[in-house]
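**Student:** Following the hints, complete the assembly by docking chain B onto the known chain A.
Those sequence lines, one after another, are chains A and B.
Counted from 1, the first sequence has number 6 at position 7 by numbering that gives the first Met the number 0; the numbering is strictly sequential.
Counted from 1, the second sequence has number 27 at position 28 by numbering that gives the first Met the number 0; the numbering is strictly sequential.
Don't take every hint at face value.
[What the hints assert, rightly or not] Below, a sample of chain B positions facing chain A; criterion: calculated Cβ distance under 8 angstroms:
1) 28
2) 45
3) 107
4) 137
5) 223
[Unchecked claim] Keeping only pairs whose Cα atoms sit at most 25 angstroms apart, straight-line, the calculated DSS-like set for lysine-lysine is:
6) A:116 - A:165
7) A:116 - B:71
8) A:120 - B:67
9) A:123 - B:130
10) B:167 - B:157
11) B:138 - A:180
12) B:70 - A:116
13) B:40 - B:230
14) A:120 - A:180
15) A:120 - B:70
16) B:67 - B:15
17) B:15 - A:155
18) A:77 - B:167
19) A:77 - A:120
20) B:67 - B:40
21) B:220 - B:167
22) B:130 - A:165
23) B:157 - B:220
24) A:9 - A:180
25) B:71 - A:120
26) B:71 - B:182
27) A:116 - A:77
28) A:123 - B:70
29) A:77 - B:230
30) A:123 - B:71
31) A:116 - B:15
32) B:2 - B:40
33) B:70 - B:40
34) B:182 - B:2
35) B:138 - A:165
36) B:67 - A:123
37) A:77 - B:157
38) B:9 - B:230
39) A:123 - B:220
40) B:71 - B:15
No lab work stands behind these hints: they were computed from the structure.
Don't be surprised by glycine CBs; every beta carbon is placed ideally from N, CA and C.
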Amino acid sequence: MSLDKTGIAKRIAQELRDGWYVNLGIGIPTLVANYIPKGIEVEFQSENGILGMGPFPMDGEEDADLINAGKQTITALKGAAYFDSATSFAMIRGQHVQLTVLGAMEVSQNGDIANWKIPGKMVKGMGGAMDLVASADNIIVAMMHANRQGQSKLLKSCSLPLTGVKCVRKVVTNLAVMDIKDGQFHLVERAPGVSVEDIIKATEGNLVVPENVPEMVLD
Amino acid sequence: MNKVVTNVEKALEGIKSDMTIMLGGFGLCGIPENSIAELVKLRVNGLTCISNNAGVDDFGLGLLLQEKQIKKMISSYVGENDEFERQMLSGELEVDLIPQGSLAERCRAGGAGIPAFYTPAGFGTEVAEGKEVRDFNGKPHILESALTADFAIVKAWKGDTEGNLIFKATARNFNPMMAMAGKITVAEVEELVPAGELDPNEIHTPGIFVQRIFQGERFEKRIEQRTVQQKA
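Chain B on its own, in the form it takes in the complex:
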């Protein structure tokens, strides 16, 4: 089944204000940067964004924050972003912080048809407030519910016309689970190849989870913390 759309405009067709959108990536690593740029252009607002982080001030989801397009963020870590902190402390931005493992599993559960699950993470903390607690093997766990989204936007290294995806190194992170949890999943890839070119043994995300795929025009791939050793 051919999932290819010609460009980012076509890929994001149907995205409207007030929708819930998942965006893959950890920090600035593996984020769908072409789609984020397009969301800025579309001027959609009131968005609920589910993403592990919120970008930095001038890249990633920080671009949407600057334009005040995000109503609510569901994330696990939001440091390194002054505008985010300002909007959160002033109450302009609603923020739901959840443990990283619970966020990943809630997305996976959403895509896998599991409505909720118990986890020990967050027991006895603010995260557990209002959630059901149950003991298993003598240890308390809290009930966490699945997450889904109107659109999930992921970024892969290689993809084929069937929507099969391969990620590179730690740019995989949240992308596979979010791909599963979108009503419409859009994949932007660095390299789009014909079906048959990718080894089926090496596919990370099978095309069944992907509705639209396109090759991104430009990938800046900004590095957040460049740490290197100097040659002796």
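For reference, chain A alone in the conformation it holds in the complex:
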């Protein structure tokens, strides 16, 4: 059984640490906010200009002036702060944000990431992703192990235009948790019911497999 998007988000939430400021990208990363482990406090930064982002508003209480980077209506928690875009990226480039979680179309074994453009097909722009991956110390990619055509998204080298180079430290997919170091993927955990062989088969890049690969423990 591979994980669904919620499962990926739950596993990434286990990486959160007390006192961290965290930036969550659009898609699966946004779901991480729903599974903050008990007993720890983290604060979410959205790069369009809020620290202390709260859940979606109750129906009828949405405010056009209060959105997240995915343009979704949100709320602000007690103690929240608003700021302009230059200040927002000062927080990001200045490494005041401890963790960035974002999606990707491809990740390579040396930590390169591609997630903003498919030449001739799709060009939506990089938004804040290039600033985030260039500066953050701790970047986790949340994505499916394979694309819709069934091809591995964990590659020896990316084929799509890059968003950043040598920056991804950890990847959590529907099949596995992997660290990236010394130019290789290192298998850390496998999704419940997924075999090491399945993961090896689904990974195009070099994958270092330790003797013992524990299964993820999810609530």
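**Tutor:** Here is chain B on its own, set in the frame of chain A:
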């Protein structure tokens, strides 16, 4: 100094075809919607627009795209706009995509008299092509230049007759930096009050950056992604 103009027509006086215009906002949040409507009416074209996004098909800068008034867009994210994508892929529209933080800082630099700066964002990507690379603390950075504009058009929540501005929530976004970077900066506000009514401690953009201010006639404030929780 009184910066008040009576209406949007007066506020945009002097805008001509082929000019470079900055427009505040993130998505549809905090965009100068009265001024955009007026730009459509003025039928100016060949514009270079600097704005984080390009609106949606039938609102925001999408309205100018539909009338083919924009020659070039300088933005960081342009999804959610079919007409934009069509014009870009067909080559009708020139597009310069730059990282969001670099866009914000380039506007800030333009207003602050800093001609260029180094940033790590975009190193090793298409964005770095043709740009100077230099290592600082063992890490490569690229040189990004400042942006300025003939007109910067921003939207604020409250403003006073001196041009001092206060923004609301995340509608602040690019507005303060763009206000600094316009040769002529126009502020459209939801509420225009006499000098002295706003607390000087709470001003986000000091009036020195604003040349013209007016109260917008109508704010639709469209929501791009309405996400809500249902009451249990």
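**Student:** Each hint needs a verdict: does it hold in this structure or not?
**Tutor:** Hint check results:
| no. | hint | verdict |
| --- | --- | --- |
| 1 | 28 | holds, 5 angstroms |
| 2 | 45 | violated, 22 angstroms |
| 3 | 107 | holds, 4 angstroms |
| 4 | 137 | violated, 13 angstroms |
| 5 | 223 | holds, 4 angstroms |
| 6 | A:116 - A:165 | holds, 18 angstroms |
| 7 | A:116 - B:71 | holds, 19 angstroms |
| 8 | A:120 - B:67 | holds, 22 angstroms |
| 9 | A:123 - B:130 | holds, 22 angstroms |
| 10 | B:167 - B:157 | holds, 8 angstroms |
| 11 | B:138 - A:180 | holds, 18 angstroms |
| 12 | B:70 - A:116 | holds, 22 angstroms |
| 13 | B:40 - B:230 | violated, 43 angstroms |
| 14 | A:120 - A:180 | violated, 32 angstroms |
| 15 | A:120 - B:70 | holds, 21 angstroms |
| 16 | B:67 - B:15 | holds, 15 angstroms |
| 17 | B:15 - A:155 | violated, 51 angstroms |
| 18 | A:77 - B:167 | holds, 16 angstroms |
| 19 | A:77 - A:120 | violated, 43 angstroms |
| 20 | B:67 - B:40 | holds, 13 angstroms |
| 21 | B:220 - B:167 | holds, 12 angstroms |
| 22 | B:130 - A:165 | holds, 20 angstroms |
| 23 | B:157 - B:220 | holds, 15 angstroms |
| 24 | A:9 - A:180 | holds, 23 angstroms |
| 25 | B:71 - A:120 | holds, 20 angstroms |
| 26 | B:71 - B:182 | holds, 19 angstroms |
| 27 | A:116 - A:77 | violated, 37 angstroms |
| 28 | A:123 - B:70 | holds, 18 angstroms |
| 29 | A:77 - B:230 | holds, 21 angstroms |
| 30 | A:123 - B:71 | holds, 16 angstroms |
| 31 | A:116 - B:15 | violated, 34 angstroms |
| 32 | B:2 - B:40 | holds, 24 angstroms |
| 33 | B:70 - B:40 | holds, 17 angstroms |
| 34 | B:182 - B:2 | holds, 15 angstroms |
| 35 | B:138 - A:165 | holds, 12 angstroms |
| 36 | B:67 - A:123 | holds, 20 angstroms |
| 37 | A:77 - B:157 | holds, 23 angstroms |
| 38 | B:9 - B:230 | violated, 46 angstroms |
| 39 | A:123 - B:220 | holds, 23 angstroms |
| 40 | B:71 - B:15 | holds, 15 angstroms |
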